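**Student:** Residues per chain, in single letters:
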Amino acid sequence: MADWLERHVPKIIVAPTFAAVLVFVYGFIGWTAWVSLTRSRLLPNYEFDGFIQYERLFEAARWYTAMNNLYIFGALFIVLSMIIGLGLAILLDQRIRAEGVLRTIYLYPMALSMIVTGIAWKWILNPGLGLESMVKGWGFESFSFNWLVDPKMAIFTVVLAAVWQASGFVMALFLAGLRSVDEEIIKAAQVDGIPTWRIYTAIIIPSMTPIFLSAFIVLVHLAIKSFDLIIALTGGGPGYATDMPATYMYTMAFSRGNLGQAASSAVVMMMVVFAIIVPYLYSELRAKYD
Amino acid sequence: MTEQALAFTLPAVRSRQARIGRVALRWGLHAMLVLFALYYLMPLFAMVTTSLKSLEEIRTGSLISLPRQITFDAWRTAWSSACTGIQCEGLRPFFWNSLLMTVPAVIISTVIGAINGYVFAHWRFRGANLFFALMLLGCFIPFQVVILPMARMLGLMGLAGTLPGLILVHVIYGVAFTTLFFRNYYITVPRELVRAAKIDGAGFFRIFWSIFLPLSLPIVVVTIIWQFTQIWNDFLFGISFSQSGSQPVTVALNNIVNSTTGVKEYNVDMAAAIIAALPTLLVYIVAGKYFIRGLTAGSVKG
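Those protein sequences? They're chains U and A, same order as listed. Just so it is clear: in the first sequence, position 34 is 34 by the working numbering, and no numbers are missing. Adding 290 to a residue's 1-based position in the second sequence gives its number in the working numbering.
Keep in mind that the hints were calculated from the coordinates and are not lab data. Warning: the hint list may mix true and false statements.
[Stated by the list, open to error] Below, computed lysine-lysine pairings styled on BS3-like, alpha-carbon distance capped at 30 Å:
| no. | chain 1 | residue 1 | chain 2 | residue 2 |
| --- | --- | --- | --- | --- |
| 1 | A | Lys579 | U | Lys11 |
| 2 | U | Lys152 | U | Lys136 |
| 3 | A | Lys579 | U | Lys136 |
| 4 | A | Lys579 | U | Lys187 |
| 5 | A | Lys554 | U | Lys152 |
Since we're looking at a predicted model, the values are computed, not measured.
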């Protein structure tokens, strides 16, 4: 008996986690997927009714705006964070004496809640009292910066705040990558008289492909889950101009009492994430265990 | 003679130009770095100065001007009397809610993660890889896909709108990350060491206790910081699963800022935002090195 126990103790230890993952992750995904195929409103109704919720979803102007915003926001957020992150990492890599202090400054936004970030930028971008009035106060009377209340531009304020929060993190990732490149190769290139910028573009950056990939994955993940920032910064407004799938889902679930729409939008979000993550994880795990 | 002189001076001129170029480049580099530092610091600076001004000064002054007269009224209001909807007790009760929620959730998820990670790193069993992959995938799901059934489950368990309910949720969805952290750390412990201990007759728990645990301090710190930051800063679970009495500080903060009754008190909003951010900022400043390691470990896969 003791022997049996000793042999099976590892399995017994992870069994509760296994059960929890099965129920709370996969079971719950199944539940949501099922409800997305019903006509559930305020309360779940488990009667199968085909893809009516998805049809409604893709016909809804608000969902269209939300997905559109996700593309605009996602693309700009990812590209800008990568550019700024890589740029700062390369600049910091030049034997800067104050590196520690600067790194701390660049990265601290990552420790903040998105709610705090949203509130801070909402205040800075406040047309009446923030940046706009400050620049006007400097004598530029015609200066106007009202993106926050302009339906066409509001989504870019979200980009601005999100890049502010996440670019330092990308910098930290890239800096770690730069530091892990083989010193010998760089020295050899320097001895051969290859200019520094060529060393970066031809040797260092190409060797960091895995880091680009993981930075990309994290940023995609952050972009799709972005909920707090929208709530705090724009509240999805003006109107629903800055709605995103996450806020759409929340509105349907908790203020519209439309479980069917909430569930179907959540499932679409998950599909988008999985379409990007699954190939990545698959190649990672294969590379590891082969 | 002139040719000689030319031959002699040209390299000197060139090297001087090169030196000036290098110095200019160095200055440009530093200027860029400082400029970016200002960009990252500006919002925090604006928040702090705004929180120390009176409303009157906010209306007349400029965003980044220093307060003419420093007042802590906004901080007092934010802490103990600002209104979050109908309740006007400031952030204080919600700050404690967050603490009461975060501390147990962090401890429980770290302990479970440590022992799980130990199993996955050194006690492979049939199906372990598949289970690990399933769990890893669970790290990436958008939580929107689980909040509806979770709300019902918490209701069935009688935990809807309570702190224990929130703790449970954070533990469940945090364990995948903590397991990943510990597994990636423990996998660097040589297999021979574990095998030798097994031959010497040490069992599962004995090996964990006397070989792995003493090595674990760095990864425990990384995990605790990561979990603490995640759970303290969480908003989605907080707003979905709490009631007015059990809201975490992020939800209360959002309510204070968005409550539309009365005059908009920007200084109170800013003070409240800083109060809500202080614990994680403090952790970051005190243990920044570990914070960064957690971020990179959390993102750079299994």
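**Student:** Hint by hint, note whether the structure agrees.
**Tutor:** Here is what the structure says about each hint:
1. Simply put, Lys579/A and Lys11/U have alpha-carbon atoms about 35 Å apart, too far for the 30 Å limit, and the pair is violated.
2. Among the hinted pairs, Lys152/U with Lys136/U is consistent with the structure: their alpha-carbon atoms are about 23 Å apart, no more than 30 Å.
3. A C-alpha spacing of about 41 Å is found between Lys579/A and Lys136/U, which places the hinted pair above 30 Å, so the restraint is violated.
4. Of the supplied pair hints, the one linking Lys579/A and Lys187/U holds, its CA atoms being roughly 28 Å apart against a limit of 30 Å.
5. As the CA atoms of Lys554/A and Lys152/U are separated by approximately 26 Å, the hinted pair is consistent with the 30 Å bound.
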